[in-house]
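Asker: Here is what each chain is made of, one letter per residue.
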Amino acid sequence: SQELEQSPQSLIVQEGKNLTINCTSSKTLYGLYWYKQKYGEGLIFLMMLQKGGEEKSHEKITAKLDEKKQQSSLHITASQPSHAGIYLCGADRGHAGGTSYGKLTFGQGTILTVHP
Amino acid sequence: KAGVTQTPRYLIKTRGQQVTLSCSPISGHRSVSWYQQTPGQGLQFLFEYFSETQRNKGNFPGRFSGRQFSNSRSEMNVSTLELGDSALYLCASSATENYGYTFGSGTRLTVV
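The listed protein sequences derive, respectively, from chains W and B. Here the first sequence stands for residues 1 to 116, numbered as in the numbering used here. Here the second sequence stands for residues 1001 to 1112, numbered as in the numbering used here.
Excised from the complex, chain B in its bound form:
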């Protein structure tokens, strides 16, 4: 059974650009959550999607957005990149909340 797949693995962008990250959940998992991990703030929740609907959102500016497709794959977009957006972005999928969350390997975003 394939795990959670995140692409790309590494990304370098310039300040002001926008970026799209992709997450393919485990087959059968309909919930996809996104997290940002930085040395200073640790792991912070961005948002969660279930059946193409955003059910929960963390405390991030509107530059951070996401969506989920009918096959449960999810994308997150960050517009007008800032240096502080440099981080490891992780997604996690779950069949149901009672069965835990499986994380992907992450996308390392560097903004220069």
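Looking at chain W on its own, in the form it has when it is part of the complex:
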């Protein structure tokens, strides 16, 4: 099984609807990154969460880290076609006193489609 499981694998919503993407880890989470990717392109950094209970927001996107559940969620409010793409969570395993030395473990991604 994957170290990081994202759900759902794909999501189709109508413009204006809210949505949530989850990322669950089978190992302890110390740092969690959210990225967005357009097909075949590079990853765009969205947010980084480092502490349990931490919540960050940018424009209409909010991410939370639940350390106890080893889970992070990404919530988009009032979705727009510009939100469409692949959302990836990446875990940094090395922040508990050590370092991951550049290695992030990624989930398989969630494909988001937003219909106008």
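Since the hints were derived computationally from the structure, they do not count as laboratory data. Computed from a predicted structure; not experimentally measured. Where hints are given, some of them may not hold.
As the list claims (entries may be wrong) - Below, computed lysine-lysine pairings styled on DSS-like, alpha-carbon distance capped at 30 Å:
| # | chain 1 | residue 1 | chain 2 | residue 2 |
| --- | --- | --- | --- | --- |
| 1 | B | K1057 | W | K51 |
| 2 | B | K1057 | W | K36 |
| 3 | W | K56 | W | K68 |
Place chain B on chain W using the hints.
Answerer: Relative to the frame of chain W, chain B by itself:
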């Protein structure tokens, strides 16, 4: 501030050839990581360099190698290309681990 620059953007090579990809990090960033992205395996870590030293390596065969220069620019090399090496290769740079990783646009390698 310029982002992470990867060249070339697209590449087509024949099986058995070798290829070199380049990554110029954000100015001031000394850590450069490389990833391979395929539909089947997703994003997989290749290796990371910091101040010209490889600090971490993923589970890839020895045909995959890299290096980093004194200006922090990095190259990765794949020798004896196989069809399965066709992928999007991404590099990411970081100032320190606590400040996140910025990715480049990637190099799309097709092996025929």
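Asker: All hints, please: hold or fail.
Answerer: Evaluation of the provided hints:
1. K1057(B) with K51(W): The hint holds at about 27 Å.
2. K1057(B) with K36(W): Satisfied, since the Cα-Cα distance of roughly 25 Å is no more than 30 Å.
3. K56(W) with K68(W): Roughly 18 Å separates the two Cα atoms, so the pair holds.
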